[in-house]
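Turn these sequences into a full structure, and let the hints steer you where they fit.
Number of protein chains: 2
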Amino acid sequence: MTVTLHVCITCRANEPANDATLPMGARLHRALTDLGAPEGVRIVPVECLSACGAGAAVALSGPGRWSYAYGHMTEADAPEILQGAAAFATTSDGLVPWRERIAIFRKRSLARIPPIG
Amino acid sequence: MTVTLHVCITCRANEPANDATLPMGARLHRALTDLGAPEGVRIVPVECLSACGAGAAVALSGPGRWSYAYGHMTEADAPEILQGAAAFATTSDGLVPWRERIAIFRKRSLARIPPIG
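So the protein lines, in turn, are chains F and E. The numbering of the first sequence is the UniProt record's numbering, which starts it at 1 and goes up by one. The numbering of the second sequence is the UniProt record's numbering, which starts it at 1 and goes up by one.
Be aware that one or more of the hints could be misleading.
Pairs involving identical chains hold if they fit within one copy or between any two copies, as the list cannot separate such chains.
To be verified - No farther apart than 25 Å at their CA atoms in a straight line, the calculated lysine to any residue pairs in the SDA-like style are these: (1) K107 <-> N14; (2) K107 <-> A17; (3) K107 <-> P23; (4) K107 <-> R12; (5) K107 <-> H72.
Honestly, the hints are just simulated from the structure, not real lab data.
Listed below in structure tokens is the structure:
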């Protein structure tokens, strides 16, 4: 079953507004799509994940699963984010065992939300 | 359709561990259930919303809706949290208009996650 990696494309990550540069969130989204979504994952841009003080933010969700929001991401994190998303996709409930969870997901969790019932 | 207000009952909110006192999250959960859930809302305790640096944390979710996580809550916020949960329950998509959103939800958002599709 496909899970969704939402990427906030409006996150400025405390960078000043600058017409010449895409927001960090948009650059992260581009880096992720350039690398390509792993099997079972779709990458979806979104305008604002309401984590503006902790941008750039991404979120993982899927039917029947715990949802997760992560912050303080940069383009350099794109490969690891995709690795974490792939691990999330292989679970039935969204719970990747702690030891197998990538470091940036362990350290930069904003919140998780139980499966919607 | 019923929405869920999850309340982390293990959040210590930076209070030192103390056998004589319930964690802030558990006290918040008790304050909420003492007041009683508004129509269309169920209050569900949960052990850890992975927002340990921003506790006490709560989350609002429901079928077809955006989900929201909020942090830095205390027992004193219980009446407003229930008011915000009631407003969330009356929407079909979880999007309470900004002007109608309670102040603590405007100011203490940790993240929101789009409807699961």
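To see whether the hints hold, each was checked on the structure:
1. Taking the shortest Cα distances, K107 and N14 sit within 25 Å of each other both inside one copy (19 Å) and across copies (17 Å).
2. Taking CA atoms no more than 25 Å apart as the test, K107 paired with A17 passes between copies only; the shortest distance there is 22 Å, against 27 Å inside one copy.
3. For a Cα distance limit of 25 Å, the shortest separation of K107 from P23 qualifies both inside one copy, at 23 Å, and across copies, at 23 Å.
4. For a Cα distance limit of 25 Å, the shortest separation of K107 from R12 qualifies both inside one copy, at 20 Å, and across copies, at 18 Å.
5. Taking identical chains as interchangeable, the C-alpha atoms of K107 and H72 lie at most 25 Å apart whether they share a chain (10 Å) or sit on different chains (19 Å).
Consistency note: the structure conflicts with none of the earlier hints.
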